[in-house]
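Taken in sequence, the protein lines are chains V, S, L and R. Counting in our numbering, the first sequence runs from 1 upward without gaps. Counting in our numbering, the second sequence runs from 1 upward without gaps. Counting in our numbering, the third sequence runs from 1 upward without gaps. Counting in our numbering, the fourth sequence runs from 1 upward without gaps.
Zero decoy hints are in this set.
Derived pair list, reagent style DSBU-like, types lysine-lysine, alpha-carbon separation capped at 30 Å: (1) K134(R) - K134(L); (2) K162(V) - K82(R); (3) K79(S) - K162(S); (4) K82(L) - K79(S); (5) K73(L) - K134(L); (6) K82(R) - K79(V); (7) K162(V) - K79(V); (8) K73(R) - K79(V); (9) K162(S) - K82(L); (10) K73(R) - K134(R); (11) K73(L) - K79(S).
It should be emphasised that the hints constitute simulated quantities derived from the structure, not laboratory data.
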Amino acid sequence: MTISASTEAPLDRRALAARLAADIPRGSYVNLGIGQPTTVAEFLPADAEVVLHTENGMLGMGPEARGDDIDDDLVNAGKIHVTEMPGASYFHHADSFAMIRGGHLDVCVLGAFQVSVRGDLANWHTGDVDAIPAVGGAMDLAHGAENVYVMMTLFDRTGAAKLVEECTYPLTGLACVRRVYTDHAVFEIRDTGVAVLETFGCTVAQLQGRLAMPLIPA
Amino acid sequence: MTISASTEAPLDRRALAARLAADIPRGSYVNLGIGQPTTVAEFLPADAEVVLHTENGMLGMGPEARGDDIDDDLVNAGKIHVTEMPGASYFHHADSFAMIRGGHLDVCVLGAFQVSVRGDLANWHTGDVDAIPAVGGAMDLAHGAENVYVMMTLFDRTGAAKLVEECTYPLTGLACVRRVYTDHAVFEIRDTGVAVLETFGCTVAQLQGRLAMPLIPA
Amino acid sequence: MAPVIVETPDEALVGVPDGATVLIGGFGNAGQPFALIDALRRGGARDLVVVNNNAGNGNHGIAALIAAGRVRKVICSFPRQKDSWVFDGLYRAGQIELELVPQGTLAERIRAAGAGIGGFYTPTGVGTLLAEGKEHRTIDGREYVLETALRADLALIKAYRADRAGNLVYRKTARNFGPVMATAATVTVAQVAEIVDVGGIDPESVVTPGIYVDRLVATDLGPEQLAESLVKAEATR
Amino acid sequence: MAPVIVETPDEALVGVPDGATVLIGGFGNAGQPFALIDALRRGGARDLVVVNNNAGNGNHGIAALIAAGRVRKVICSFPRQKDSWVFDGLYRAGQIELELVPQGTLAERIRAAGAGIGGFYTPTGVGTLLAEGKEHRTIDGREYVLETALRADLALIKAYRADRAGNLVYRKTARNFGPVMATAATVTVAQVAEIVDVGGIDPESVVTPGIYVDRLVATDLGPEQLAESLVKAEATR
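Sequences are here, hints too, so could you generate the full structure?
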């Protein structure tokens, strides 16, 4: 079975967020990582009943706060002021990470430097000896849900693929990523290898030309 | 230094409870074990500001409930209906035993079958092969405070001493008991041995005649 | 998913497989989900492993479940009570297994399961029968014993009030094991006195966030109604 | 003992020894006990080990404490931020130590210390740089790494309201590390917006029971007052 591109061009960041949002089942409990993954929230339908978790101690997080809604005691993991949805709850950090580590969330969406064919994730450290390492909740979130989805550009600024045979950056977690949502395609990490679920502005054959691992057309 | 008996006769249960209560510092957080230790509460002065913990999830436990105060949702570790003092708080079982195991209580008072010269405690199991073993919170409470006090008769019904060189009953905890309050004397477990702090209706010499370990007059 | 709200305890207990490990809340009667336990018994699942602080009292609740021959093993801290005759008899007859766990270790093992912790080192039990055969380890000069997470297929708990998002609050010492058990099972069923609309529970006071609750049933039975329901349950067995 | 209620943050921080390990609550500005951190700096204790989620922002709070040369080591999950220049500079110059801990492991290590747990097996970090040299173990088919309890001499936390028994409630995500840190230090100092009489907090809603709080100070500084107090503090250094 072959699949044809579902769009004529690669997805821009917002289109990618919308694409990922469409795959989040109704009523899911979801943690959206800092940065680009945060934008997924904007594309969840109002009736999706998705409950957002923020690792600094809240379920039922609402949109970014504006104006009079800004409350210094209410921030998300990115330290951005947010709001509270009806049915929210607050809990302390140990309870919040118990929720993550215990696998209670349905979906975690994370950014990445690299993802390997086995679902290894590298997203916390460039390995640069001069860099000050900082991990935050990344290693916890990497194991925090049945469905860990990565959202990233498929290639870095130099054109090198970020979906790789083996991660060269320091790892965040082993075999933890289920799907990889990129501007060029959506990939699923399977026991049998990397499957392409959908392409954007390219064919699987074209992707295969730029990626090192064999791709399984879904 | 020698000490003389502070009473002419051994203490009865209530007098022993009163004697122990007098040693609980003002403002202490205290867990009183099931059974005889529970009676210590009756002898705490009203202004002692002692806060009682019950391991089924409460700080600020009040006296036993009577009449209209009985609430099926409010019981102590012995499953007796109790009341709530101002400033009380409720928490779940894992948090309650975290409080115990973390050593946050000032005093735990427990009953015992035997206490050894090193402060080993046996209070959960007679070792009888026909007995159905039941431990409850005893092993947690044995390590639950800097000051674990035992309250017991010094001799069992056969006249055998319960303060012993080595416990013959199965242990609840190793080297955990600080003081032993009995009808005949108050003992302190020290690195150097067993000290007698006070006697009731007997002399240290008389006690020494009935106990196997050397006694240190305090 | 927000919890499924069902009308009766029996609907809440549909599909419990034989051999399931079941966490059951409560310390004495406080917090014990009698309506759910009765429904579990009526459901007919066998070879259950029951985790509770005790091993049943009198002839009702867990004792009735045991008497009905549904329980293969009890994991608890304190089976022996003056009215635990049902368990006592079967245990002495070698017809039911017992795993005895110190109460704080029981709570912590359940918490560990819910928190994704595989095992932990506790000082409780060191040097005792209950630590025999378990790994010991000295950390910072103190001796500990290794205990592992206790996960379950099903948790039956009783809370006081729920909102439709599944957030729970409890009442007084009836809280006990409920909040940790809710986190440690594949399916958590909560029996509550009332279910209010979303917004009806202060977010600062939620004890069990809705993420942990799968099925919810409102069942505000007083002691008399409870006795009546038990009689009816017996009649239909 | 019920907590000692003091009038000023400086009284609350009397007697901090050099070399102390200090847990400091907060995630970003939310829940960060700025008044206590400033008092710690004014108190002059040196060679401190500071445990916080971050390593200071801008020139205030923990950053000011670090800038004053009081901190030997930072234990945190996320030192690098756009305004963490004080820490960044000293770290690059080799003048401050860093122990990097995944955020959930940090919270759990602190909880373990408060709960009398010596160590625990977590899946977080397995196969990564941060687990190198640590014991690994497979339990029920899953791989875990051993992490140990993180105890401290002092905890500085910010809550919203206290009663005179030391019971605390927090506000929204300012709760974060406060409740676990309060349990894990020899001395816990809480900065709160207000102190009410005993009975003024619902026992069902208490987040930190008073047993964990040693010193309490009410300090409801708005941003302007805070800035002013900082300027004064700088002037007296």
